[in-house]
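Given chain A's structure and the hints, the job is docking chain B onto it.
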Amino acid sequence: MKRLLALLVGLLIIGATAGIAGAQPIGNRQIKPQDAGGYWTVWKVESVSYLGEYFDPSLTSCASTAPEGGVAGDYVVCRNTVTVSNRYYGELKVSIDTLSASVGFDVTQSFSQTAGYNAIVQYDGQYVEIFHGNVYDKYKVIQRLYEHIDGKDYPVSYVDPVPVYALKWKRFYYYVYRRDGAS
Amino acid sequence: MTHAKSIVPVFLTLLLIFALFAYFERGRSTVVSRELFISQYRGYVAGYVNDTVRLDIYWIKTGNNNFSGVFGIRNLPSCLSVDGITLMETVYFENPNINERTISVRLKLKTPGRCIMDDTYLIFQREGIIKRVPLRSITFEIYRKPDYPSLKISKYIIGSIGPEPSPPMLQYTLYNPFNDSVKILDVVFEVPGLKVLKLQAPVIPPQGEANLTIITENTTKMGEMYIIRPLIVYEVGNQKYFMPAEAFYYATIPSENELLSIFSEGEH
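So the protein sequences, as listed, match chains A and B.
Residue numbers 2 to 184, in the working numbering, belong to the letters of the first sequence in order.
Residue numbers 818 to 1085, in the working numbering, belong to the letters of the second sequence in order.
Hints in this document: simulated from the structure, not taken from any laboratory.
Just so we're clear, the structure is a prediction, and the values are computed from it rather than from any experiment.
Among the hints, erroneous ones may be present.
Derived BS3-like pairs (lysine-lysine); straight-line CA-CA distance at most 27 Å [as the list claims (entries may be wrong)]: (1) Lys-1015/B - Lys-169/A; (2) Lys-1000/B - Lys-972/B; (3) Lys-153/A - Lys-94/A; (4) Lys-1038/B - Lys-141/A; (5) Lys-1012/B - Lys-139/A; (6) Lys-1015/B - Lys-94/A; (7) Lys-1015/B - Lys-141/A; (8) Lys-1038/B - Lys-169/A; (9) Lys-1000/B - Lys-139/A; (10) Lys-169/A - Lys-1000/B.
Under 7 Å between C-beta atoms, here's a sample of chain A residues computed to sit facing chain B [as the list claims (entries may be wrong)]: (11) Tyr-40; (12) Trp-41; (13) Trp-44; (14) Lys-45; (15) Thr-115; (16) Lys-171; (17) Val-177.
A virtual CB, placed ideally from N, CA and C, is assigned to each residue, including glycine.
Extracted from the complex, chain A is given alone in its bound form:
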């Protein structure tokens, strides 16, 4: 009988110890009254809107005549191999994969492209310089914080939605600067 009692006490101690070890510290997991189904917060994409095209104003100089200008009929030849990429900016709350899936393209993809354009010199002594820039499709993605309570997600009202912008590379545009050459 004493042995049986000792065994029961031992099992009770082991069970209690295991229970304490398996419990999560309150600091890591917010306990809510409705917590029977679990509680957590998660950022989700709420909406995606196409904002149209974005002509990136930053330009790269590609080719030019000599400062004193060129000869009428000559061509200034621009050829420049560059790495172009899709990209995003703003505060990203969801994962990059989620953002990519929501806009339908890989927001981090980059690839090599060669910008090429020729511009004619219109008169003797005209200075001509060709620049290239990038054209993107621009998307606005609204991210919203949700609370998961008892198996359902609810948008929270105490945190504002956060926008992030995704850009998909489309093409080059070419900019030409013409003036009288330096004499």
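Just chain B now, kept in the frame of chain A:
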């Protein structure tokens, strides 16, 4: 005899390997020379008599790099004449098997008035084969050069080229040489399927510069090529003037993968 028997499977295996190698090598080397012309313009050109306008035709090939031939322009309306044709490289591909040359046709504006180029084609002859490459449709508005001074265009977007269609945006930096402010009244061009979505036309101070921006949108499916040389209508004091802007060129050139897909069609 035993020795001969053991040679037979080895021989057959070698024969099979050789046959497979020859088959795949054959498949790999069937780089049939194929070509594509991107030439179908839609456009509007305002200009003065004796101005020249360039039309670029993109000639893309795979399989060989021979771009020799004799070129000519046919069915040009009488308001225009050919001022020269040159061949140069302007589009570059990562795949060394895809090559491009740009056939650059310079057209001179001859007679004042409105004329439409809609049945003109590039004729190209090589090794007894003649090809006709249509240039589709461009409206020309040709004016005699007036004797009043005009605004100067110092910077502008000359072109937009890439694999995906995109409604054009035109931008001109205009210098006002007058002693009065200049007000831009209108920017005129008529291109089927394109319309002005937004016109940003600030007042240009005397001896100052400002950017004129024209954002367009497409009302139908985008074409592969556009040329737009709009007419800028402006006001100095109470006097109204106009001037042709610089030409803007637009082309959608398929990506390498799309080109390889186009070229491979009909091979099998």
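Structure-based check of all given hints:
1. Lys-1015/B - Lys-169/A: Distance ~22 Å between Lys-1015/B and Lys-169/A Cα, so the pair holds.
2. Lys-1000/B - Lys-972/B: holds (19 Å)
3. Lys-153/A - Lys-94/A: holds (20 Å)
4. Lys-1038/B - Lys-141/A: holds (24 Å)
5. Lys-1012/B - Lys-139/A: OK: Lys-1012/B and Lys-139/A at ~21 Å, within 27 Å.
6. Lys-1015/B - Lys-94/A: Between Lys-1015/B and Lys-94/A the Cα gap is close to 34 Å, so the pair fails against 27 Å, i.e. violated.
7. Lys-1015/B - Lys-141/A: holds (21 Å)
8. Lys-1038/B - Lys-169/A: holds (20 Å)
9. Lys-1000/B - Lys-139/A: Measuring from Cα to Cα gives roughly 32 Å; hence the hint is violated.
10. Lys-169/A - Lys-1000/B: violated (36 Å)
11. Tyr-40: violated (45 Å)
12. Trp-41: violated (40 Å)
13. Trp-44: Check failed: Cβ of Trp-44/A comes no nearer than 30 Å to chain B, outside 7 Å.
14. Lys-45: Constraint on Lys-45/A not satisfied, violated at 29 Å.
15. Thr-115: holds (4 Å)
16. Lys-171: holds (4 Å)
17. Val-177: holds (4 Å)
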